[in-house]
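Trainee: Assemble the whole structure, with the sequences as input and the hints as a guide.
Take a look at the letters that make up each chain.
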Amino acid sequence: MPEFRELTDQDLRNLVSDRALTGETMLLNMGPQHPSTHGVLRLLLELDGEIVINCIPDIGFLHTGVEKNMETKTYAKAEVMTDRLDYLNPIGNNLAYSLAVEKLLDLDVPPRAQVIRVMLAELTRLNSHLVWVGTSALDLAAMSVFLYAMREREMILDIFEMISGARMMTTYVRPGGLWRDTPVEFEEAVRRFLKVIPARIDEYESLLTKNPLFMDRTRHIGVINAEECQRWGINGPVLRAAGLPFDMRKALPYSGYEQYDFAIPTQTGGDIYSRYLVRIEEMRQSVRIVQQALDRLPFGPVRSDNRKVMPPPRSEIGVSMEALIHHFKLWTEGYSVPKGTVYVATESPRGELGCFLESDGGPKPYRVHFRTPSFSNLQIMPILTRGHFVADVVGIIGSIDIILGDTDR
Amino acid sequence: MGLKGQKTGSLGIVTTKLEEVVNWSRTNSMWPMLFGLACCAIEMMSAQASNYDLSRFGMELMRASPRQSDLMIVAGRVSRKMAPVVRQLYDQMPDPKWVIAMGDCAACGGVFNNYAIVQGVDEIVPVDVYVAGCPPRPEALIHGIITLHERVKQEKLKSW
Amino acid sequence: MGDALQAAVSAIQERFAGSVEVDRGETTLHIAAEKNVEIAQVLRDEFQFNMLIDETAVDYWPQEAPRFHLVYQLYSMPFNLRLRLRLSIDGNAPHLRTLESVFPNANWYEREVWDMFGIRFDGHSDLRRILMPYDWEGHPLRKDYPLGYEEPQFTFNFDEIDLRKPKGQK
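Chains as they are written, first to last, in my numbering: chain A, 1 to 409; chain B, 1 to 160; chain C, 1 to 170.
Keep in mind that a hint or two might mislead.
As the list claims (entries may be wrong) - Cut-off 20 Å, straight-line C-alpha distance, at most; resulting in silico cross-link-like pairs (SDA-like, lysine to any residue):
(1) K250(A) - L81(C)
(2) K170(C) - R137(B)
(3) K339(A) - R24(C)
(4) K170(C) - M30(B)
(5) K170(C) - Q68(B)
Hints listed in this document are in silico derivations from the structure and should not be mistaken for laboratory results.
Mentor: This is the structure in structure tokens:
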């Protein structure tokens, strides 16, 4: 276990301003264990009284070595690890990885699987935004919103449990389609949920949007404009709140998103309040997409026919020799993916989630790298917090919506 | 506890053993420390929320400060960089303290068997209850907490 | 590929040496390692590739030359175009110039590449480890770095592994 060691002046010299080295400003450690940092994020704040001069994020406290670990597992088994990257968007991670593998394999996914993928991705987006609104409001001392958001989230988690058996880490979306077809009660459960959720979103808005305390704590705080966002490679709700209507689902559609009719919510303020409004409106648009997907859900298979990639149904194994051999080969050696490199970008609730996959022709991924939105978005923390109070830092971290599993991988 | 209220009339006197009172007070208001690291933290938050209420077990609030908490629920994977921090937080908690290792990663390293994750938080702190699952359902966490309560109720006072 | 992308790629190929590969709808430009800053500058200023989406590396050990490939993903917001730049680096302690002056968010990406692969970036403002602890030795994502897994405890070796495992004390 590494010992603690004092940071010397030399280490900090190029990070903090000269006033800190003379002692004029204070260095405060907002440590890895903190109720409002949404995970294990360490911030080194340089304070002049209560005003933040500089804010240096220190990440890596949740580094899991996913990329190296995935190199030692076959493609199907490595997908289990992708759930746990951005743990509020597990199906989105699965989707990014599956799309990358399917692109390398040139595999077609049946239409029913595509529609269900879109539905689940949007439900996961709702799930993530609900947790976001709950925890951000909790940080700004609106505690009841947290309990209401968790109540709605339980309904979504019940749907996930119904289709896959697990509440959060489902690994339901796999290269080639889905794991298995949805049960009979799935459509009914989603319809019931869709009837309930719009009124609930209005309830959160009525609690927060016109609330003078909330507005005081969030307006004109943590401002960034669209130009800076693009310079720093930020996308997602942060960029949309700064004025640019950019969404991966419209720019480079995947999994059939071009067939759905939805708007891209945009605000121009660039502050915490704008990001809040953007995410609330995104929740409403997600509901719209799920409604459309539910209406157009076709019948059909949910897995690709390619037996070299997708395992045969269990019922076939008893009667067909080829099915047994395919099953055996897939489980022991795994399918081989042709040589090549792809980069697939999807829209996660935080921004652009990309999967860079390089294969050398074998059954295990040679190099898999996830371009995670939280890692990029966290770089603008110094810009956002400069000149604000310490109490605003909490609100700002919440508004960027970082997930440390996403940042540290 | 023997309620001999009827015998003593309305004096309201209860006779019991000292250990039972001490253990009863410890279990019924055990405050967990907010130590959610990764995905299990979200399930811990769900357990705290209204659907699977943890307040009915006395854990109304989760204290952020280790100096004011009794129970450390290590929820999530502990990386090598975080390990000294976990130990320091554990050392900062006053006695009596208990540790629940929630989830597979805290119990044994979970899915991640590699250079970056501590294989089980019991390499760093002594664990009382392990709750399995990836992530464990809120009901599983509650089962773990009740198991811990039953263990605490069996504790004997060894020194004054 | 479309016209705008073709124009950008041809311009880079004329001014600096580079080979193009179009595979599965994605364009990859192989460039020389010494010219990375100039090429990125040209792409950003003249062809409006204004966002650096990702910067990562791939290790090809035991193949020594080239040992690493550095991959940049660029995105053009006005034209909605994606371009991948790939350059190859040799040796065990390679170094090349930082892209921080062109794209400021290369800062953390390059710190991660240094941390995970050991590729130094000259001129970087703050090259420290970002994901591993400050005093970690080795660069984990290199192919000659072991995975570091824990030996599974079966019944026959349970006790002997148990003796070696560290146990937290009160």
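Trainee: Each hint: holds or not?
Mentor: A quick look at each hint next to the structure:
1. K250(A) - L81(C): holds, 13 Å
2. K170(C) - R137(B): violated, 29 Å
3. K339(A) - R24(C): Distance ~12 Å between K339(A) and R24(C) Cα, so the pair holds.
4. K170(C) - M30(B): At roughly 19 Å apart (the allowed maximum being 20 Å), M30(B) and K170(C) satisfy the hint.
5. K170(C) - Q68(B): holds, 18 Å
In terms of the numbered hints stated before, the structure departs from hint 2 and from no other.
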